[in-house]
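Student: Here's the letter readout for the chains.
Protein chains: 2
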Amino acid sequence: MDKYLVLFTFIGAALALVFAVLTARKVLRFSEGTDLMKKISASIRQGANAYLKRQYKIVFIFFGVMFVILGVMAIAGFLTPYVPFAFLTGGFFSALSGFVGMKIATYSNARTANACREGLNRGLRVAFSAGSVMGFTVVGLGLLDISIWFFLLKFVFHLEPQDITSAMLTFGMGASSMALFARVGGGIFTKAADVGADLVGKVEAGIPEDDPRNPAVIADNVGDNVGDVAGMGADLYESYVGSVISASALGVTAFHNINAMALPMLLAAIGVICSIFGTFLVKTKEGASQKQLLSALSRGTNFSAIIIAIVAFPAVYFVLGKENWTIYFAILAGLVSGVLIGQSTEYFTSDSYKPTRNLAATSETGTATIIIGGLSVGMLSTLMPIIIVAVCVLVAYFVSGGAQSSSMGLYGIALAAVGMLSTLGITLATDAYGPVADNAGGIAEMAGLDKKVRERTDALDSLGNTTAATGKGFAIGSAALTALALMASYIDKVSSIEGGAEKIANLNITNPTVLIGLFIGACLPFVFAALTMNSVGRAAQSVVKEVRRQFKEIAGLMEGKAEADYASCVDLCTKASLREMIMPTVVAVVVPIVVGLILGCSGVVGMLAGATASGFLMAIFMSNSGGAWDNAKKYIESGVHGGKGSDCHKAAVVGDTVGDPFKDTSGPAINILIKLLSMVSIVFAALVINFSIL
Amino acid sequence: MDKYLVLFTFIGAALALVFAVLTARKVLRFSEGTDLMKKISASIRQGANAYLKRQYKIVFIFFGVMFVILGVMAIAGFLTPYVPFAFLTGGFFSALSGFVGMKIATYSNARTANACREGLNRGLRVAFSAGSVMGFTVVGLGLLDISIWFFLLKFVFHLEPQDITSAMLTFGMGASSMALFARVGGGIFTKAADVGADLVGKVEAGIPEDDPRNPAVIADNVGDNVGDVAGMGADLYESYVGSVISASALGVTAFHNINAMALPMLLAAIGVICSIFGTFLVKTKEGASQKQLLSALSRGTNFSAIIIAIVAFPAVYFVLGKENWTIYFAILAGLVSGVLIGQSTEYFTSDSYKPTRNLAATSETGTATIIIGGLSVGMLSTLMPIIIVAVCVLVAYFVSGGAQSSSMGLYGIALAAVGMLSTLGITLATDAYGPVADNAGGIAEMAGLDKKVRERTDALDSLGNTTAATGKGFAIGSAALTALALMASYIDKVSSIEGGAEKIANLNITNPTVLIGLFIGACLPFVFAALTMNSVGRAAQSVVKEVRRQFKEIAGLMEGKAEADYASCVDLCTKASLREMIMPTVVAVVVPIVVGLILGCSGVVGMLAGATASGFLMAIFMSNSGGAWDNAKKYIESGVHGGKGSDCHKAAVVGDTVGDPFKDTSGPAINILIKLLSMVSIVFAALVINFSIL
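Chains as they are written, first to last, in our numbering: chain X, 1 to 694; chain Y, 1 to 694.
Careful: at least some of the hints might be erroneous.
Any copy, or any two copies together, can satisfy a pair, since identical chains are not distinguished.
Said to hold, decoys possible - Think about it this way: if two alpha-carbon atoms lie no more than 25 Å apart in a straight line, the pair counts; the simulated DSS-like pairs of lysine-lysine are:
| no. | residue 1 | residue 2 |
| --- | --- | --- |
| 1 | K650 | K545 |
| 2 | K354 | K545 |
| 3 | K38 | K545 |
| 4 | K650 | K202 |
| 5 | K354 | K38 |
| 6 | K322 | K545 |
| 7 | K354 | K644 |
| 8 | K552 | K650 |
| 9 | K39 | K53 |
| 10 | K39 | K26 |
| 11 | K552 | K202 |
| 12 | K634 | K452 |
Keep in mind that the hints were calculated from the coordinates and are not lab data.
Sequences are here, hints too, so could you generate the full structure?
Tutor: Spelled out as structure tokens, the structure:
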């Protein structure tokens, strides 16, 4: 049976990639519009290309060093020889996901703007197709990587299941490291450019967003592509692959057979196919309202989710055997929880609901109150997701037989994460089309297109904020579940190594090493958020100074008679973000090893639990505060509380600017952090067991 | 021996109270100054009195309800009959601590202002003496409550040690509930008034701080007394008593004798006596610099700490026996950690160091960047305290023989908290004098005293910010250690109840109930911070509207020809803060019972661990962000980055306003929250064991 399963996974991967290629060709057939539009799009593309090229150079050095370290460890007998290579492929595919996404996004922005000249539906089709290319590239490459490695390790090298999962967890580590670089680097770039452009352009000079007189405007649009697209692509590749391989690893422990290991891959492949069907339902009529647009997108995702829920049942039944069919409910719990977390996110961040509307009202009493208000909206919004995940974990654990065998229960938790991410192909499409629409709006503004065009791209963009919120719900929820699964994998891994079992004999929460590990782990997301926010702050300050300089020194710039030096801002953002992205990633890799060497394996388990709990909370807090500020500003711009240009609006712009690094740099990077910590711990487990102090 | 120990504790209590009375009489001998000063001071006093009276009425209802609930549980056999009464006395003494502190502070503010007319040293003496009254009232009442109950339960009712500690933990719960009301209510009052006064007066109307034309100016000064003084008094009473009784409870489990139980009380009594000596060293010469003032205060606290460190050694040696003398190092670790956390706090929040200076520089690029910067300073500042507490816990655990018996190790952790708080008498004096100096400055301004006077009160006030930072370090550090000790007490308590041992048989961190409890517990400080910040926001908005209304409607107010309606602002703040303080406290009491009834005792343990870790981090983050903004603003006011009135200063004022509820409402309240959660869990343990679902 296992051969058929791997074949099916491979088919899923192939279908996703073929669908992505066909969709890409369809998108490319659209026209890029006027010469000016082509020129603008080309310079955005050029900036994004240049950035990624330089990013990959730095990442290449990191991967080289890690390859050598892992190689030495493999030679010393701490790891199997496949591990260093698995690490490389994980990083490679993760980077490729981001790269492809960025490519298609930068080729679609002008096309979307041009399509919006003809109509809203046409614009939606182009932007959504671009998002689909990215979505299905991510899942396709993920499944491809998994199925190739599985095939090689199982059928060519004939490894034992434990060794297969060990090697596969290492490509997870490669993917996570790459994702962290991409998220942090891209996140710093995009927010430094955004904050810089807004602070000087909008607040000081009083010119509109995306005004071609603003020297940071191209950098801002490049940032959308390298941060919100390339960063997100690498990030979700990591989430997807991480959830599947951690479930596979726990399947081996729970069932001691290859079927339980292959089930997560099968589910992922089913998800891909159902998602492809879903994309065909996304279309809307001309002059569609915001609500109709949203329902067009929801139709696609809901349809996919329902089919997956139906098809998953026979899959579980046949693969695990009829005595284990209740595990199906773990997958269902994951699917439902993802949707619910998304809805909770939407409630707290959409201006259709009370929290964001009330937040907009706090601007009446000034900047300070809207800042306080936004922080408390974010903090309060952690409650529902925590309860949803708590119920999901309990359900997944007990329906999978956790009461009899805890490893079966943990397998159930991991499958819930796979269930949650099974619709990733289409949810990512609805998520990734946002930045494309955003860019299209920028091009419409810069190319001086008709006002109607900008209105249409704005409608698409604003919708993108809501779908992005839902997408973030999936990413954060699955990160928590995957991190718990990886923690369990870590314990399995340690137990399987000689001398390891005694190191984790006492995982009682009152054991001081566990407790201290917990404290340190809980602290990491705070420190990580601080580091990344500082990076954005520093990078933004340099952009602010450069934009101010240009306004002052380039004669005729404000009057539109001279052209700004866009390239210098792009270059500045590139340098700053690459310089700043190194430290956080290195911290994430080094800390678990250091904690392990001092506190031992029980300390590491405590650290992972603490980091998961506090990271989950911080990620939700920061993402939702940022989202609420963003939409409160948009709500005010719609005409309430004095509308654009009023004091309330100015206060809201400050809120939005504070929210930028919250929701697009620090928040999402924390999701990756908590998984990377576990994967590093797993890969270096043997080292820690042999050399730890406590 | 035990009789002598309780006698000694009683003597310590008596000495503290006598010293407080004598100091109070000394303070009252100073003159209140001009008639106008007397009038202003009287109206502040009147407002504070009126507020506390109404607060106590509401608290009275809460305590009545809880008394009935505990009474019913006692009748049903879940609790000993002493418990409901112990609960009441804890609340009573905590309230009394706050009340006395508020009284002396409101009688000393004008006296301090008047003394500053004569000289800085004289001003320092009056303000510091007022602080000392409060400091020694808190520790005196704490020790009195402990020694009376200990005497009654042990020598009159002849209870078993376990039952003694159970009853004593209940008065901890009473003290914590009262402290939470006082901190939250007072914190909302003071910050609503402060934010309201600043936003309209300073930012919109452009009049200086404490200008008599500002209608919220009296409310602002009342707020300092009911929040920073009465709230802090109740809060630290709770910390002090909580650390002693949790150590006593663990002493019983570890040594099964009354000596180990009495040691924490003895150490506290030694601390009181050493602190009294320390106060005599606090004096300075005229025209002393900021640095000399600080060294005058440090001399007092350092001297006290050193003597305690010396005297504690023979105390441990004789009470616990020579085979346990290494436990002394646990106490020392606590003392040293408290100082180190204070220093780390100072580094991150004082404008003598890089973080706050860099933060001030971020104001150059606007409001958004100083907000982002302050948040990241706060988040980054969590790292050092976490490491310090981690090392302290490890040291305290292992020097106390934790490797052999975990209950001895946990006793060591609890003793470290007692060690940290042993200097509370004097550290609280250096902390509580800040609001007195702050008020004195307000009175100097309102009474139109010479500029020199205001400069002197400002010097005292600004120093107060630094000592307050150190004080907060002690409060937060001890809260974490005490919460860990209470968690251990909870496990002891559950094990001692029939049917309880099996409920906590699996405290493994991978047990899903523990894990989910951990997630929920970690979420609580976020939710609690959100609730209290929202409360401040709502209350502040109503003040803003009232102040705006008065500026608009009272003719001649801005020209100084008409008097503002101060009383209406005081009344507004009173009503708003009392309305808002109920919800957070009820949440803190209800949640641990609900979590227990659903997830069972192992879920409660997870919750306590999660709340302690994330609460510690949130409290430090919020306190230090707030402190850094406050001092960055003061640093700018000293003349850098354009000084007062510049755009940088305006940005810094927004930062400071955001920081207000951070550092004076939400942050400190979280310290109380994490202990109250444990105490409620302990008191309701029997209920949970009998009726929980899981």
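Student: Decide, hint by hint, whether the structure agrees.
Tutor: Structure-based check of all given hints:
| no. | hint | result |
| --- | --- | --- |
| 1 | K650 <-> K545 | both (21 Å within a copy, 20 Å between copies) |
| 2 | K354 <-> K545 | between (38 Å within a copy, 21 Å between copies) |
| 3 | K38 <-> K545 | neither (29 Å within a copy, 52 Å between copies) |
| 4 | K650 <-> K202 | both (9 Å within a copy, 18 Å between copies) |
| 5 | K354 <-> K38 | neither (42 Å within a copy, 47 Å between copies) |
| 6 | K322 <-> K545 | neither (66 Å within a copy, 67 Å between copies) |
| 7 | K354 <-> K644 | within (21 Å within a copy, 38 Å between copies) |
| 8 | K552 <-> K650 | both (23 Å within a copy, 24 Å between copies) |
| 9 | K39 <-> K53 | within (21 Å within a copy, 72 Å between copies) |
| 10 | K39 <-> K26 | within (22 Å within a copy, 81 Å between copies) |
| 11 | K552 <-> K202 | within (16 Å within a copy, 32 Å between copies) |
| 12 | K634 <-> K452 | within (18 Å within a copy, 49 Å between copies) |
Comparing the model with each numbered hint stated earlier shows that hints 3, 5, 6 do not hold.
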